[in-house]
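Asks: If you want the building blocks of each chain, they are given just below.
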Amino acid sequence: MTRATPNVIPAGRKPGSIMLFWAPAFAGVTAMILCLLAQSLIAFDFNDLDVGKVVSGGAKLAKAAGGLSDRDEIKIGREVAANLAARYGLLEDERKVRYVNLVGRVVVSHCDRKKLPYHFGILRTSEINALAAPGGYIFITQGLLDTLKDESELGGVLAHEVTHVVRQHIVKAIRQANLIGAGQDLASAAGKDVSQFSQLSDFSINLVNNGLSRNDELDADKGGTVLAANAGYDPAGLRRSIERLAARQKADVLLGRFNKTHPPASDRLKAIDNTLRQNHLTDQGQRLTDRFQQTLSRR
Amino acid sequence: MQPAIPLRLKSVRPMRQPTDDIASDRRHWGVGVRQSCSGGRRFARNVGVFLILLIGSLSFAADEPVKKKTLSLQDLINSAAGSPPEATSVAGVRGLEETAGKLDTQARDYAAIERLEHVVVHEDELKQFMDEGKLK
Chain A
709 MTRATPNVIP AGRKPGSIML FWAPAFAGVT AMILCLLAQS LIAFDFNDLD VGKVVSGGAK
769 LAKAAGGLSD RDEIKIGREV AANLAARYGL LEDERKVRYV NLVGRVVVSH CDRKKLPYHF
829 GILRTSEINA LAAPGGYIFI TQGLLDTLKD ESELGGVLAH EVTHVVRQHI VKAIRQANLI
889 GAGQDLASAA GKDVSQFSQL SDFSINLVNN GLSRNDELDA DKGGTVLAAN AGYDPAGLRR
949 SIERLAARQK ADVLLGRFNK THPPASDRLK AIDNTLRQNH LTDQGQRLTD RFQQTLSRR
Chain B
5 MQPAIPLRLK SVRPMRQPTD DIASDRRHWG VGVRQSCSGG RRFARNVGVF LILLIGSLSF
65 AADEPVKKKT LSLQDLINSA AGSPPEATSV AGVRGLEETA GKLDTQARDY AAIERLEHVV
125 VHEDELKQFM DEGKLK
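Chains A and B, in that order, give the protein sequences.
Offset between the first sequence (1-based) and the numbering used here: plus 708.
Offset between the second sequence (1-based) and the numbering used here: plus 4.
This is chain A alone, in the form it adopts within the complex (with noise of 0.2 Å):
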């Protein structure tokens, strides 16, 4: 065996040289790597963009998202919400607003981001789904609350949301998001004169449609497992309502959108069930049911 080197490697040759002879052999592969790349570009269509303006965009955008303050945060998030508010309306009946924000300041004293103003509202529409802004405006549909049963479910879904805000995963998608920053400045490449402030709200009002990372909403689902049974509420309460929404039939159009923005219930609920094991976490809590039910008394 050790005979069979000078076969190979001459005596007096440098042993790093072999690597010539492979050379066209990686100039090969390198060449097939670039074939795949242009094969990418040619396919995409870039509607003649100035991919200098772009690539600036993107790092301007990139900036700005990182040196968020709390108040731009707040700002943003105000107008992802009035632009939710224009889509579905708000619901204005004062009793199950006054008990949604209840809850969720109950979840709110709990978590690490207390400072900000949360708001907590009722979107008028039929679909099924919760949304959270930046900034601490959180939004439950009347669809969603129609099919949950009883406050810790409540308390479960809007801790989740509380989640998404804490973490502020929508700031971070942002700071991410060179590619879809970049893209926004497409209007600025058509002459338009758009504000890096509206830029950064006309993309986090795709990001809260669009929905946000399969990690992100994992993530939220553990956080808000744990954020709502620290506040009383059953821990179970979010595993419930994801557990019944799973139930209904997935062609239901009315969980489109929330099929759409969120991973696989199965997912959701292995992450959950995870999450009650590794922190020990009964079902000790709270569900209170009745004062649920008492106060969106509309079944």
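In case anyone wonders, no lab produced these hints; they're calculated from the structure.
Computed from a predicted structure; not experimentally measured.
Among the hints, erroneous ones may be present.
Below are the EDC-like pairs computed for lysine to aspartate or glutamate, each with C-alpha atoms no more than 16 Å apart in a straight line [claimed, not checked]: (1) Lys140(B) <-> Asp981(A); (2) Lys930(A) <-> Asp820(A); (3) Lys783(A) <-> Glu121(B).
Fit chain B to the supplied structure of chain A, relying on the hints for placement.
Replies: Quick look at chain B alone, frame taken from chain A:
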């Protein structure tokens, strides 16, 4: 005993030396091919191979027909915005026929948000609510 291997790192010829066995012959061929090129010629050969492969690959890519509709970045952002609208009939709320259209990022209802911001939960009210529910 291994026969001495003649090394001619810089020379082009001769490629082969008289050999007395097959193994030695193979070895001389291998060494000979590699040693036949000087550094500059080897580099030129590698660059040539690279360029041939690159040009061939790019021409293949250019000829590949694009079957899908081309998408702009903005299309990608908006692509997941709406599900097909279907009529729903739930009293007091907006149905999908009203809300499932294309996302209008410019729409705002600041007055509604202002009303929501006026819903203030006072500390004593919150404490009473928590106490009644036996919450922490």
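Asks: Going through the earlier hints one by one, which of them does the structure break, listed in rising order?
Replies: As far as the earlier hints go, only 1 is violated by this structure.
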